[in-house]
Amino acid sequence: MKFLLDTHIWLWSALEPGRLAPRVQKVIADQGNELWLSPVSIWELGLLCRKRRFRVHPDIPSWVNQNMSELQIFEAPLTVEVVLALSSMSFSHSDPADHFLAASAKVFDLTLITSDEHLLKLPDIRVLPNH
Numbered sequence: 259m260k261f262l263l264d265t266h267i268w269l270w271s272a273l274e275p276g277r278l279a280p281r282v283q284k285v286i287a288d289q290g291n292e293l294w295l296s297p298v299s300i301w302e303l304g305l306l307c308r309k310r311r312f313r314v315h316p317d318i319p320s321w322v323n324q325n326m327s328e329l330q331i332f333e334a335p336l337t338v339e340v341v342l343a344l345s346s347m348s349f350s351h352s353d354p355a356d357h358f359l360a361a362s363a364k365v366f367d368l369t370l371i372t373s374d375e376h377l378l379k380l381p382d383i384r385v386l387p388n389h
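All residue numbers for the sequence shown refer to this note's numbering, where the first residue is 259 and numbers rise by one.
Wrong hints could be hidden among the right ones.
To be verified - Simulated pairs of lysine-lysine, DSS-like, Cα-Cα distance not exceeding 30 Å:
hint, residue 1, residue 2
1, Lys379, Lys309
2, Lys379, Lys284
3, Lys284, Lys260
No lab work stands behind these hints: they were computed from the structure.
Just so it is clear, the structure is predicted and the values come from calculations on it, not from any experiment.
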C-alpha cells in the first residue's frame, strides 16, 4: 500500500516513535509499503525548528535527506493538480498545510496517516488513524 505521512507522524517516526500506535509502527516498518512525504511537511519542520519545538542534526537539509533515504520515502510533489484539487474538497478548519496534505493524498491516491481529528473526518481521502 501507499501511505502519505502527516508531518507529525513523519517526525514522530524518527524522533519520538513511542508516540505512534503499534499499527502505524508496523505500517512504517513494512518494506512492502510505500511511504510518501509532501514538501509541505519539510516546510513545517523548518518552522518548528525555528520555533525551537524540534531539533535535527546536523542541519535540516542533511537530516531530511538522510531520513528520506533511510525510510525510502517518495516525494509527493506540490503540483498544479494538487492545488486544483483543493477547490473540490471541503475543510472544517483553516490550516493550509493540512489542506495541501489532504489534496496530495487525494491526487496521488495515498492513504494519509494522521492523528489530526480534522483530517480523520474528511470524506474525500483514505486515512489511517494514529490511535
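| field | Hints breached by this structure | value | No hint contradicted; all consistent.
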